[in-house]
Amino acid sequence: MRGTLILGLAVSLAVTIVACEQTEEAFQDRKTRDNKAEIRSYLLANNIQADSLRNGLYFSILNKNPNAQKPQIGDEITFRYIARRLDGTIVDSSQVGINDVYIRSFNSNDITAAGYAMTYRFNAVPSFEELLAAPQEKIREGDKVSLFVPWSLRGTGDVSLLAPLYIPIRYDLDILKVRTEEEQIDDFVALNKIQGLEKNPTNGLRFVKTKAYPDSALIAVNTTVSVTYTGKLIRNGVQFDSGTIDVSVVDPTGNASGGVVKGFNDGVAKLRFGEKAIVIFPSALGYSVQGSAGKIPAYSPLYFEIEAKRK
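All residue numbers for the sequence shown refer to the numbering used here, where the first residue is 7 and numbers rise by one.
Hints are computed from structural coordinates only; laboratory data are not their basis.
Hints are all accurate, no fakes.
Taking lysine-lysine and the BS3-like style, the derived pairs with C-alpha atoms no more than 30 Å apart in a straight line are: (1) Lys238 <-> Lys317; (2) Lys215 <-> Lys282; (3) Lys238 <-> Lys276; (4) Lys76 <-> Lys205.
Small disclaimer: the values here were computed from a predicted structure and weren't measured.
Based on the sequences and whatever the hints tell you, model everything.
Shown next, in the form of structure tokens:
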């Protein structure tokens, strides 16, 4: 009898849980339908011409620039945004004086905000990556874009008292710049007035000696060298590392990198003992599509100041 009672309670509890799950699912489905209808009504009432993407997501390009640069894989997109409820209440925006940056990648795990004081901020605008989906990328440099995002595509990262979970949000974006890695390097060089750089036309490595010792011995391949260095991100000039490292220099004409990234190895291979240099290179010679240790995002061109010393 006791076993029968326990079994009955268990079955009753299971039925209750399933019913609650079904009720929650039905509630969310209804909210999704309500959001879609609310967005469509808002667009109609405000005479906004918008296209749909998926699951109730709409976008409108307010200022098209058909000949402007379109973001490709690895490009940096700088933008500002304002987020509003459909009643006009502002619920979020880019920080004053700090633009948001997105790096177009093969997946949605492009950038994290950790350690960058909002300079790299991903998911500030939910579904932003939808505008970049190949083959019909939707945005170009200089565009003004509005995204109308239902609750089901917002996620939970932007839920607040002003923007509760089950409501749609409008995001207005100004696409300020689209920059390839090469353009980012050009901007950095101009901003920092770095002169005399020689450029490898094959792989894009740039190099200039800042302290020369022409009578010193050349650093031969397979030599182990003590290298003092400072590394910075080209995108914002943030220093991500510094120190001294032993480098076993490998032939720069090959594909190996001697335990350091190839751009670093190839820069050291150009030095004589005691010399200093600036080395700048694209991500293909650095940390490529993976980035490194949360400090270096994917597709990051890098800047190094290096000095070669004898072991």
